[in-house]
Every structure is written in C-alpha cells, then in structure tokens.
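Undergrad: When you get a sec, could you build the whole thing from the sequences and use the hints?
2 protein chains.
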Amino acid sequence: MDELNLKNVPKATAKRLPLYLRYLNMLQDAGVTRIKSKEFSEVTQVPSATIRRDFSHLGELGRSGYGYDVAYLIEVFNQILDTNEEKRIALVGFGNLGKALANNNFRRNSNLNIIAIFDNNPDLVGKEIDGHLVYPMSDFQEKVTEMGITVAISTVPSQFSQTAVDQIVAAGITAILNFAPDRVDVPNDVHVQYIDLTTELQTLIFFDQNYQKKVAAKV
Amino acid sequence: MDELNLKNVPKATAKRLPLYLRYLNMLQDAGVTRIKSKEFSEVTQVPSATIRRDFSHLGELGRSGYGYDVAYLIEVFNQILDTNEEKRIALVGFGNLGKALANNNFRRNSNLNIIAIFDNNPDLVGKEIDGHLVYPMSDFQEKVTEMGITVAISTVPSQFSQTAVDQIVAAGITAILNFAPDRVDVPNDVHVQYIDLTTELQTLIFFDQNYQKKVAAKV
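Order-wise, the sequence lines are chains A and B. Residue numbering for the first sequence follows full-length UniProt numbering, beginning at 1 and increasing consecutively. Residue numbering for the second sequence follows full-length UniProt numbering, beginning at 1 and increasing consecutively.
Worth flagging that the hints you see were computed from the coordinates, not collected in a lab. Don't take each hint at face value.
[Claimed, not checked] Some but not every residue of chain A turned toward chain B, in silico, with C-beta under 7 Å: (1) Ala14; (2) Thr174; (3) His191.
[What the hints assert, rightly or not] Derived coverage of chain B by chain A (criterion: at least 3 residues anywhere in the stretch with Cβ under 8 Å from a Cβ of chain A; other residues may be distant): (4) 40-47; (5) 96-106.
Source: prediction; values computed, not measured. Glycine residues also receive a C-beta, built at the ideal position from the N, C-alpha and C atoms.
TA: Shown next, in the form of structure tokens:
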C-alpha cells in the first residue's frame, strides 16, 4: 500500500475507519464477500456518498458499481489502522469508570489491551481487585518501560488530571485518552483525545429539541 | 434571539457549543469579563478562526478585535443549549459503566439529572445500590410518563441493545445516548448518539502513530 496516501487521509475519514472495519468484520463473519457502497451505507448508517469519498482517499479499493471485496477491504483497513499489532495500554484511575474499562478491556478488539492499572488511592494500591492488580503512580515510568506500554487511558478526575497527564507524558507516552474534559497542557508531540460525556449529551439534546421543534412547527 | 439562526447552525459548530459554554463559565468564575477570540482559543484549544466562524453563525456576539462579553456569551449559549431547563434522564443498564454514570451524574451540569435507573438483572431489580433504586425494564414506560423523563442513556451490551432501545422508543423518548457502538434501528424522529470508546482509541492511536512516523522521517 502506498505510504503517501495515508498522510493525506482527512481527519473525518480517519475517524470513520474503525467503524468501517468493525462492520466489515461483522459482514465477513456473516459470510458476505462483496458489498456495494449503498448496502454498506445501510449497515453503517453513513451516507453512501461519504463512504465512496472516504474509500477514494485510500487508493483503488474497488468500483462502486461492482462493489467492494470485503476480505480485501479488511486487509487494507487493518494495515492502515495497524490493528494487527498489539497496543499495550496503561489505565490510570481505578474508580467505577476505570473498573468498567478494565472489565470490558476492549474485548471486541483483541489487539487493544489494558495490561496495567494505576491509582494513588492507598485503599487500592498493591491490591488485586476483580482480578486486576493496582500499581501506585510512583511505579508508572518503570512499569511503562518494563511492559512496553505505548498508550494511556486516564479516568482521573479533572482536578488531578493535569498532574496525572504530566506523569504519563514524563514516561514517554504520546497517545492519551482522557475522560476528564478540561483541556490539559501537553508538548506538541503528545496527542490527547478527550471523551466528554456531558458535551455529547448536550449536543444530542440540542439536535433532538431543534428537530422536534421544527417538526412541531410544520404540523 | 433570532430563532431562525439556530436552524442554520452547522453540526460541527453545535458540537462545540457545550465546550465553549463550559470554558465561559470557568472564565466568569475566575473574574474574566471580556475575552478576545485569540485568548479564548488558548484556553479551549480550538483555533481562533474556528471560534470566530462558529460565533458568526450565532448572530452578533461581539467584535473580534474588541473581544466578547463573557456574561453575554453565557446568556446566549445557555439559551441556545436550553441548559437552564432541567433534563430528566433515565439510565438503562446498571453495570460498572452505569454505576460510574449514576455516581457522577453530570455533576458539573446541574440541569442534567439521571433520575431513574433500570435493569433486568434480578440481583439488582428492586434493590437500592449505592443509594440508587433499580427499577425493572417492565416499569420503564410507566416511570417515564410519571417522572417526565425525556432522555435515555443505555449502557446495555450490544447483543441486547436493540431490545432496550425498542423499549426506550416505545415509551416516547427521542434522545438516546448509547454506549453500545453497533447501530440500532430507530424511527426517523429518534436521535441516537453513540459513544464508541474502541473507535476513539483506535483513531487516537492512528493519528499518534502517523505523526510519530512523520517526525521520525524528518529527523
């Protein structure tokens, strides 16, 4: 695959790739070998024009009239997303949300693995909880090196989030999924993805209310 | 405020409004009364050109050179997002993730309230857990009507997600936040927002790896 293509993939397209890949795997499991963009649109709920545009950024994947070869798409998308390589993940913060993440552990994707859990709570540190050993944050750097960890997930509350992220960055990690929505300061080469559930919920309510008002106005 | 403007707000702009509002509230708490788009860009980490474009969709909010009045922006954004009105929320599914959501209960936003919790697990139903009473799904429609619930959050696993969503829709709810990433079938007037943590993590890793490769290639 042409390496050059990758750098020109728009952000919006890249964000849809994991979704596409998940559905392609499901289709393959169901015995589907070829799919047209219109059919793929129906399962993914992504407009077929968007699918064709996204696919066009990734090189010659097939012809829209004839359809796409499911196995080939899976191979290409796996290569792009590098999902065949194990990602070793540290989870920082072991409250209810941390427990939910550790117990689920991205089980639908066998290459994303939370392999070490950290917290500063003396009630948790050094104990095995639900089968997960909890390390103190003071061991973070050492464990990251020892275990080959390259990704961190922080569920640390907002008021302690910057401190936790500083420790994560100091250990050389450049990819951080952060469940505290307040923006943290990080060097330019570090990527932080925020999960902001309040914002997601407010946006949903905004669109729903505006839609219902519009419908009501038409009646 | 001109009602017409609202319908023309692009989706990308609308998605940033809750983020803007949160930072404006923080700025006001810190005693800031006026802010320029460049300064606001620094706190929110949204490019200042994007901020100016977003604000321009919402009418005459100020002049970019002079700055924006923080109190006025808060008033306008509150009106747009209708955040002064309480949103009564049902939580469906009370596993680890459900517990994390119920205990946090969007505490930074006093108008988003999870007021009833539902599950089908006989070990949970009818019991008070961490101070939360768990209702059976068979009571869903009745409780929704009785309690004036208009929003639902589902943490029900993928294999049961469609069934849970069908029950939510049957009770007349049109706004659903769904933590199971597989797309569910709903009528056109129902809005489902998916929280797909695996996709968020894969996208983060994709961007981080591509960036680190690009930097390595330059050295």
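Undergrad: Within the region 40-47 of chain B, is the number of residues with a Cβ closer than 8 Å to a Cβ of chain A three or more?
TA: holds (count 3)
Undergrad: With a cut-off of 7 Å on the beta carbons, see whether histidine 191 of chain A makes it to chain B.
TA: Status holds, d = 4 Å.
Undergrad: Does alanine 14 of chain A pass the interface check with chain B, least Cβ-Cβ distance below 7 Å?
TA: holds, 6 Å
Undergrad: Given threonine 174 of chain A as an interface hint, is the shortest Cβ-Cβ distance to chain B below 7 Å?
TA: Check passed: Cβ of threonine 174 of chain A comes within 5 Å of chain B, closer than 7 Å.
Undergrad: Are three or more residues of the region 96-106 of chain B within 8 Å, CB to CB, of chain A?
TA: With 8 residues close enough to chain A, the hint holds.
Consistency with the previously given hints is maintained throughout, with no hint failing.
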